[in-house]
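Participant: Protein sequences appear in the order of chains A and B.
Per this note's numbering, the very first residue in the first sequence carries number 1; after that it's consecutive.
Per this note's numbering, the very first residue in the second sequence carries number 1; after that it's consecutive.
Mixed in with the good hints there might be a few duds.
To be verified - Each pair of labels, with its calculated beta carbon distance range: (1) Gln340(A) <-> Pro264(B): 36 to 44 Å; (2) Lys346(A) <-> Asn142(B): 40 to 48 Å; (3) Gly399(B) <-> Lys58(A): 31 to 39 Å; (4) Gln331(B) <-> Lys313(A): 34 to 42 Å; (5) Arg183(B) <-> Gln340(A): 54 to 62 Å; (6) Lys179(B) <-> His307(A): 57 to 65 Å; (7) Pro16(B) <-> Thr143(A): 39 to 47 Å; (8) Gly372(B) <-> Lys343(A): 56 to 64 Å; (9) Asn142(B) <-> Lys230(A): 26 to 34 Å.
Simulated from the structure, these hints should not be mistaken for laboratory data.
These numbers come from a predicted model, not from an experiment.
Heads up, the beta-carbon is just placed ideally off N, CA and C, and yes, glycines get one too.
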Amino acid sequence: MSNIESLLAKFAEIADSPKKQLDRFVSEGRKAIGCYPYYVPEELVYATGMVPMGLWGKPGSPSKAKEYFAAFYCSLVQMNMEMALSGDLDKLSGVIHTTLCDTLRPASQNFRVGIKNIPMIFMAHPQNRKPEYGIEYTTKLYTKVLNELETIAGRKATEEDLREAIKVYNENRQAKREFVRLAGEHPELVSAVARSAVLKSSYFMEKPEHTAMLKELNGLLAEAPAAEWKGTKVVTSGILCDNPALLRIFDENRIAIAADDVAQESRSFRKDASEEGDPIRALAMQFADQDQDTILYDPELNTRPPHIVKLVKDSGAQGAVVLMMTFCDPEEMEYPSLMQALKEAKIPVLKIAYDHQITDFGQARTSLQAFADVLSQKKL
Amino acid sequence: MAETEKDVSMPTEKVPAKNLLRDVVDKVYAEAWEAKKRGEPIGWSSSKFPAEIAETLGLKVCYPENQAAAISAKHGGQRMCEYAESMGYDNDICGYARISLAYAAGAGGDERPMPQPDFMLCCNNICNCMTKWYENIARMHNIPLIMIDIPYNNTPEVNEENVAYIRAQFEEAIKQLEKISGRKFDEKKFEEVCANANRTARAWLKACSYCQHEPSPLSGFDLFNHMADVVTARCRKESAEAFEALAEEYEQSVKDGTSTWRYPENHRIMFEGIPCWPELQNLFRPLKEKGINTTAVVYAPAFGFVYNNMDEMMRAYCKAPNSVCLETGVQWREDICRENKVDGVLVHYNRSCKPWSGYMPEMERRFRKDLGVGVVGFDGDQADPRNFSNAQYITRVEGLYEIMESKKMGGPKSE
Numbered sequence: 001m002s003n004i005e006s007l008l009a010k011f012a013e014i015a016d017s018p019k020k021q022l023d024r025f026v027s028e029g030r031k032a033i034g035c036y037p038y039y040v041p042e043e044l045v046y047a048t049g050m051v052p053m054g055l056w057g058k059p060g061s062p063s064k065a066k067e068y069f070a071a072f073y074c075s076l077v078q079m080n081m082e083m084a085l086s087g088d089l090d091k092l093s094g095v096i097h098t099t100l101c102d103t104l105r106p107a108s109q110n111f112r113v114g115i116k117n118i119p120m121i122f123m124a125h126p127q128n129r130k131p132e133y134g135i136e137y138t139t140k141l142y143t144k145v146l147n148e149l150e151t152i153a154g155r156k157a158t159e160e161d162l163r164e165a166i167k168v169y170n171e172n173r174q175a176k177r178e179f180v181r182l183a184g185e186h187p188e189l190v191s192a193v194a195r196s197a198v199l200k201s202s203y204f205m206e207k208p209e210h211t212a213m214l215k216e217l218n219g220l221l222a223e224a225p226a227a228e229w230k231g232t233k234v235v236t237s238g239i240l241c242d243n244p245a246l247l248r249i250f251d252e253n254r255i256a257i258a259a260d261d262v263a264q265e266s267r268s269f270r271k272d273a274s275e276e277g278d279p280i281r282a283l284a285m286q287f288a289d290q291d292q293d294t295i296l297y298d299p300e301l302n303t304r305p306p307h308i309v310k311l312v313k314d315s316g317a318q319g320a321v322v323l324m325m326t327f328c329d330p331e332e333m334e335y336p337s338l339m340q341a342l343k344e345a346k347i348p349v350l351k352i353a354y355d356h357q358i359t360d361f362g363q364a365r366t367s368l369q370a371f372a373d374v375l376s377q378k379k380l
Numbered sequence: 001m002a003e004t005e006k007d008v009s010m011p012t013e014k015v016p017a018k019n020l021l022r023d024v025v026d027k028v029y030a031e032a033w034e035a036k037k038r039g040e041p042i043g044w045s046s047s048k049f050p051a052e053i054a055e056t057l058g059l060k061v062c063y064p065e066n067q068a069a070a071i072s073a074k075h076g077g078q079r080m081c082e083y084a085e086s087m088g089y090d091n092d093i094c095g096y097a098r099i100s101l102a103y104a105a106g107a108g109g110d111e112r113p114m115p116q117p118d119f120m121l122c123c124n125n126i127c128n129c130m131t132k133w134y135e136n137i138a139r140m141h142n143i144p145l146i147m148i149d150i151p152y153n154n155t156p157e158v159n160e161e162n163v164a165y166i167r168a169q170f171e172e173a174i175k176q177l178e179k180i181s182g183r184k185f186d187e188k189k190f191e192e193v194c195a196n197a198n199r200t201a202r203a204w205l206k207a208c209s210y211c212q213h214e215p216s217p218l219s220g221f222d223l224f225n226h227m228a229d230v231v232t233a234r235c236r237k238e239s240a241e242a243f244e245a246l247a248e249e250y251e252q253s254v255k256d257g258t259s260t261w262r263y264p265e266n267h268r269i270m271f272e273g274i275p276c277w278p279e280l281q282n283l284f285r286p287l288k289e290k291g292i293n294t295t296a297v298v299y300a301p302a303f304g305f306v307y308n309n310m311d312e313m314m315r316a317y318c319k320a321p322n323s324v325c326l327e328t329g330v331q332w333r334e335d336i337c338r339e340n341k342v343d344g345v346l347v348h349y350n351r352s353c354k355p356w357s358g359y360m361p362e363m364e365r366r367f368r369k370d371l372g373v374g375v376v377g378f379d380g381d382q383a384d385p386r387n388f389s390n391a392q393y394i395t396r397v398e399g400l401y402e403i404m405e406s407k408k409m410g411g412p413k414s415e
């Protein structure tokens with residue numbers, strides 16, 4: 001096994017076993033905080049000496065969560081509730097619950113009243129995040145969240161702690177961006193399945209550890225000789241794209257992921273926070289700078305479609321695959337504009353239904369096989 | 001003067017309040033069309049955007065939610081939804097949004113036509129879906145969007161940082177709309193408009209409160225029709241007057257022992273959620289057959305924005321059904337259930353409204369425990385008839401009836 005393969009195997013093991021990671025942290029005397037999507041400033045958790053753990057659901061169907069949600073709610077949120085109700089999250093010392101979509105709003109209330117043993121830290125981000133009043137609101141919101149975290153941690157986070165946290169996270173974000181680029185250049189070394197595991201594992205690891213492993217991997221990839229890729233390349237877009245069963249179909253059809261616009265992946269590490277000045281304000285400014293996301297208000301009205309077109313062109317992809325999260329209105333609402341922009345740019349696009357409940361990707365397999373042919377033509 | 005003299009000298013028959021209310025809404029749309037013809041900019045506004053701002057500046061505004069409800073009630077919902085789906089919008093998206101997007105794209109909508117927009121007024125206190133819906137239309141027409149973001153609340157109180165954030169957005173919205181209207185914001189006019197809005201809200205709440213009487217002088221379904229005024233014209237004096245007239249009629253009905261509910265009032269229920277507009281007849285039928293009057297709807301407190309100053313106004317706009325915490329939502333409903341003496345709750349699991357239906361299972365449990373009433377849910381949609389099953393609805397109403405009958409006879413308290 002090469003060094004690259006052995007590192008990828010380590011990432012995969014961690015990505016597949018968040019519960020084992022949580023057990024490990026707790027057994028080491030650490031406290032862990034669950035973080036709902038989207039845009040939770042994990043730096044606040046890190047600065048209080050606790051470990052943030054991403055909560056993006058897990059494959060499967062809700063059973064206990066049906067007591068809280070009708071069937072037409074996104075599986076990510078339902079499966080988070082399912083895990084909490086099943087005791088999988090019992091070892092968490094708290095959960096930060098966001099409210100940026102219409103499912104997360106009531107889900108926050110369900111979590112607060114339904115999960116008595118895990119304190120919920122509530123987080124309502126502003127949509128008018130760019131003007132000064134929006135930055136001020138975010139700063140106050142983050143300060144409140146920090147205070148609640150400090151109570152759980154039993155210690156205060158100093159300005160120095162916060163600055164250090166920002167530095168650690170910036171370094172991790174930079175390493176992830178670099179990895180996305182290198183994985184796009186070396187699909188012969190990093191499969192779609194492996195790529196996903198590398199990125200997903202960071203939600204279940206302490207960032208310095210993830211960064212160290214990732215830098216090692218990036219170094220090896222950077223040194224690897226350029227190889228001709230006989231397959232095709234795409235940009236993926238959606239909330240999640242982390243099911244190995246689906247990603248294996250990409251690999252089997254030699255469809256590499258050149259770049260992504262996935263919430264769990266690149267959308268979460270596009271922007272760094274300033275390492276200068278008031279650290280909480282720096283994090284508020286970082287959120288203000290977030291753009292091109294279906295769950296965020298776009299004051300310029302249409303920046304996301306051209307961003308994705310550019311992503312396809314710059315990354316050398318031949319097409320785009322939209323992983324449409326079932327029952328996700330923000331993604332569904334922005335799909336026609338994205339389609340139109342891709343069509344105008346003559347970029348082939350494939351839309352695949354995606355959620356945690358899908359176990360049989362048979363339909364996706366047929367579509368991806370056909371799409372690979374379309375992309376091959378485009379490559380010629 | 002001649003006209004006044006004529007009015008005084010000629011005894012006229014009192015115009016029924018429902019006609020006055022209908023005329024106010026018709027006037028809102030007629031004035032928007034006239035303004036459009038004159039070349040004035042027309043706004044499309046979400047139902048809980050602070051209407052006071054545009055009204056003060058004399059801007060004519062139409063309400064897509066009201067339009068979508070009207071189109072749906074006249075059975076145009078499915079046609080419009082399918083048009084939006086042909087544009088690529090998923091059938092999972094809110095039916096109002098799909099109808100509105102289709103109309104904005106030129107799909108027609110003769111059931112309730114309104115002029116195409118020149119600016120958009122979006123306030124997401126009602127839902128986040130509104131944000132992308134309005135962005136899509138602003139994008140489609142290349143027009144400005146004025147966004148007031150109301151962060152979701154986790155506590156019954158609205159905290160100071162939220163008020164400060166919202167206030168700053170109001171100020172920015174005023175500046176943006178001054179530019180669009182070409183007029184200066186007149187504080188005196190604003191006070192007058194706010195006074196009208198408060199008067200309308202109080203009159204609306206008063207009219208709704210007549211459901212408390214036993215028997216009720218009205219069928220609660222009437223309120224679904226009358227709420228168009230509180231959505232589209234709450235800042236107008238005529239709306240306040242029309243609601244006051246409605247309250248007077250109810251007062252008289254109580255005295256006369258009459259009611260717009262013409263069936264036995266065997267049971268009284270709260271209808272939870274937005275009605276299935278395309279299915280009003282189907283919703284009503286089993287209720288009237290079993291003598292179940294709807295004497296409570298959540299819309300009463302939802303649109304009763306009453307405030308005394310600017311800070312209270314900010315807080316009032318934080319109190320939309322989908323922006324308040326679970327406890328406030330439960331309290332609103334349980335208060336009206338108690339005041340309006342209901343013995344059952346019929347919950348609409350509305351495919352078009354994720355934020356509303358998202359905590360209904362928990363609310364159902366609380367209604368049963370706190371109120372000891374029968375609670376039954378059914379699946380439906382506010383605008384898309386494809387998401388409603390009449391057979392399921394009838395069965396559920398029958399189930400609710402049996403629970404209520406059993407409780408009435410002193411049967412088991414739990415379901």
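Participant: None of the hints should be skipped; say for each whether it holds.
Facilitator: For each hint, the structure was consulted:
Between glutamine 340(A) and proline 264(B) the Cβ separation comes to about 56 Å, which falls outside the hinted range of 36 to 44 Å. The hinted range of 40 to 48 Å is not satisfied by lysine 346(A) and asparagine 142(B), whose Cβ atoms lie roughly 23 Å apart. Evaluation of the 31 to 39 Å hint for glycine 399(B) and lysine 58(A) yields a pass: the beta carbon distance comes to about 35 Å. Separation of glutamine 331(B) from lysine 313(A) is about 54 Å and departs from the stated range, judged on CB atoms against 34 to 42 Å.
A hinted range of 54 to 62 Å is violated for the C-beta pair arginine 183(B) and glutamine 340(A), which are about 36 Å apart. In this structure the hint that lysine 179(B) and histidine 307(A) lie 57 to 65 Å apart at CB is violated, the actual value being about 28 Å. The supplied range of 39 to 47 Å is broken by proline 16(B) and threonine 143(A), whose beta-carbon atoms lie about 56 Å from each other. The supplied range of 56 to 64 Å is met by glycine 372(B) and lysine 343(A), whose beta-carbon atoms lie about 58 Å from each other.
The hinted range of 26 to 34 Å is not satisfied by asparagine 142(B) and lysine 230(A), whose Cβ atoms lie roughly 44 Å apart.
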